[in-house]
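*Asks:* What follows is each chain in one-letter form.
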Amino acid sequence: MYPYLISILFFLLINYLVTILIKKYTYEKFFIYTMIYFILVNSINLIYLESINFFTFQVLFSVTMLFLYSGLYRSVSVKIIICLYLKKNNISVNNFYKTEFKEKSFNKRIKILTDNDFLMKKNKNFLLSSRGKKYLEIIKIIQSVYRIKSSG
Amino acid sequence: MNFLLIILLSSVFTVLFITFHLLSLYFFSFKKTIQILFWFVLSNLILIYFAKELEIHKLFYNSFIINFALLITYFNFLLVIKMGFTLSILASFKKKEKLPYREIVKSYANGKGAKWVLVDRLKRIDKLKIIRLDKKITLTPLGRFLSIVLIFLRKILTVRDFG
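Quick mapping for you: the protein sequence lines, in order, are chains B and P.
Quick note on numbering: our numbering labels position 136 of the first sequence as 136, and the sequence is numbered without any gaps.
Quick note on numbering: our numbering labels position 131 of the second sequence as 131, and the sequence is numbered without any gaps.
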């Protein structure tokens, strides 16, 4: 039981320290951290403990952490719920759309896409970069395999 | 050796599970993401049968946990390609290569617009009784409790910003 608990506490503690050391801690950085942690812990497990149960636990724990973090960091619904709680007042849909959603979610995503070279801004227009075009092709293929006509 | 056998069992599960899911998409009208649970159970039942035949059923329990992790991954993958917010912005460029900002807002999600995604998510969480959606949005007691849990989880994982 102890190795399981220690590994969880260690994961959270090191994650906390990493957030202090690294300035902008994004999901991508959390993903890299989780992967490194998973490989290191399982290397120790394979050499010293040789426990299959511990290995399977680590697989489930890492996947859960990755998707939990992703949801807490990126989910629109989570953002709405937390925003409403922090505002403490009722808010109209239009007002919420203008003040919170469009500015802090939609525009932010466009900025992230531009910063990560998926989109380019020329004058007042946004264009797909070569990286963006590649990703769009992959998205089209995956969506056609899963018969998804429109996303959102 | 046991590690490799577990990975082999989970690989067989992955092939069965994804094949069943794709077949159900093409030959039956199974379109809801939640229906993959049926294929998850069926694939595991087939796996347990072969594990018993090959006398490696003790390893199946470990494999099942990995299969469960695979289910979470696959479920999230499907959600992203169906409902991904950023991915949908990129998909707005399917028809036109050049779009001004206003056009991106309008053409989001196949012309439904950016406001649609907000209303859609609000309707979804309204159905779950997390909010009350009239002219104004109000958190229900369940919503308040959930937001406290979410804030607590964000603190534990030190999530400082929204992406």
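What the hints contain is simulated information worked out from the structure, not anything from laboratory work.
These numbers come from a predicted model, not from an experiment.
Check before you lean on any hint, since a few could be wrong.
[What the hints assert, rightly or not] Calculated pairs, EDC-like style, for lysine to aspartate or glutamate (alpha carbon to alpha carbon, straight line, at most 16 Å):
| hint | chain 1 | residue 1 | chain 2 | residue 2 |
| --- | --- | --- | --- | --- |
| 1 | P | LYS123 | P | ASP134 |
| 2 | B | LYS102 | B | ASP117 |
| 3 | B | LYS134 | P | GLU97 |
| 4 | B | LYS111 | P | ASP161 |
| 5 | B | LYS121 | P | ASP161 |
| 6 | B | LYS79 | P | GLU55 |
| 7 | B | LYS29 | P | ASP161 |
| 8 | B | LYS79 | B | GLU50 |
| 9 | B | LYS24 | B | GLU103 |
| 10 | P | LYS95 | B | ASP115 |
| 11 | P | LYS115 | B | GLU103 |
[As the list claims (entries may be wrong)] Here's a subset of chain B near chain P, in silico, CB distances under 8 Å, partners left out:
| hint | residue |
| --- | --- |
| 12 | TYR4 |
| 13 | LEU5 |
| 14 | ILE8 |
| 15 | LEU9 |
| 16 | LYS29 |
| 17 | TYR33 |
| 18 | SER51 |
| 19 | ILE110 |
| 20 | ILE112 |
| 21 | ASN125 |
| 22 | SER144 |
Every residue gets a Cβ at the ideal spot worked out from N, C-alpha and C, and that includes glycine.
*Asks:* Next, verify each hint and record whether it holds.
*Replies:* Against the structure, the hints come out as follows:
1. For the hint linking LYS123 of chain P to ASP134 of chain P, the alpha-carbon distance of about 10 Å falls within 16 Å, and the restraint holds.
2. Distance hint between LYS102 of chain B and ASP117 of chain B is unfulfilled; the C-alpha atoms sit about 21 Å from each other, more than 16 Å.
3. Between LYS134 of chain B and GLU97 of chain P the alpha-carbon distance is near 13 Å, which keeps this suggested pair within the 16 Å criterion.
4. Taking the CA atoms of LYS111 of chain B and ASP161 of chain P, the gap is near 15 Å; set against the 16 Å cutoff, the hint holds.
5. Between LYS121 of chain B and ASP161 of chain P the CA atoms are separated by roughly 25 Å; this puts the pair beyond 16 Å, and the hint is violated.
6. For the hint linking LYS79 of chain B to GLU55 of chain P, the alpha-carbon distance of about 49 Å lies beyond 16 Å, and the restraint is violated.
7. For the hint pairing LYS29 of chain B with ASP161 of chain P, the CA-to-CA distance comes to about 13 Å; that is within 16 Å, so the pair holds.
8. A hinted pair counts as satisfied when its Cα atoms are at most 16 Å apart, and LYS79 of chain B with GLU50 of chain B does not qualify at roughly 41 Å.
9. About 20 Å separates the Cα atoms of LYS24 of chain B and GLU103 of chain B, which puts this hinted pair outside 16 Å; it is violated.
10. Pair hint LYS95 of chain P plus ASP115 of chain B does not hold up; C-alpha atoms about 23 Å apart against a cutoff of 16 Å.
11. For the suggested pair LYS115 of chain P and GLU103 of chain B, the alpha carbons sit about 12 Å apart, so the restraint of at most 16 Å is met.
12. For TYR4 of chain B, the shortest C-beta to C-beta distance to chain P is roughly 13 Å, which exceeds 8 Å, and the interface hint is violated.
13. Violation of the interface hint for LEU5 of chain B is found here, the shortest Cβ-Cβ separation to chain P being roughly 15 Å, above the 8 Å cut-off.
14. Hint on ILE8 of chain B is violated. Least Cβ distance to chain P is approximately 11 Å, over the 8 Å limit.
15. Because the beta carbon of LEU9 of chain B sits about 11 Å from the nearest beta carbon in chain P, more than 8 Å, this interface hint is broken.
16. A least Cβ separation of about 11 Å between LYS29 of chain B and chain P goes past the 8 Å threshold, and the interface hint is therefore violated.
17. Given hint, TYR33 of chain B at the interface with chain P, is violated; its Cβ is 11 Å from that chain's nearest Cβ, farther than 8 Å.
18. The beta carbon of SER51 of chain B is not positioned within 8 Å of any beta carbon in chain P (closest approach about 10 Å), and the interface hint is therefore violated.
19. Checking ILE110 of chain B against chain P: minimum C-beta separation of about 6 Å stays under 8 Å; hint holds.
20. The interface hint given for ILE112 of chain B is met, as the beta carbon of that residue sits about 7 Å from the closest beta carbon of chain P, less than 8 Å.
21. The beta carbon of ASN125 of chain B comes within 5 Å of a beta carbon in chain P, closer than 8 Å, and the hint placing it at the interface holds.
22. The restraint placing SER144 of chain B at the interface with chain P is violated, with a minimum CB-CB distance near 11 Å, outside the 8 Å limit.
Consistency with the previously given hints fails for numbers 2, 5, 6, 8, 9, 10, 12, 13, 14, 15, 16, 17, 18 and 22, ordered from lowest to highest.
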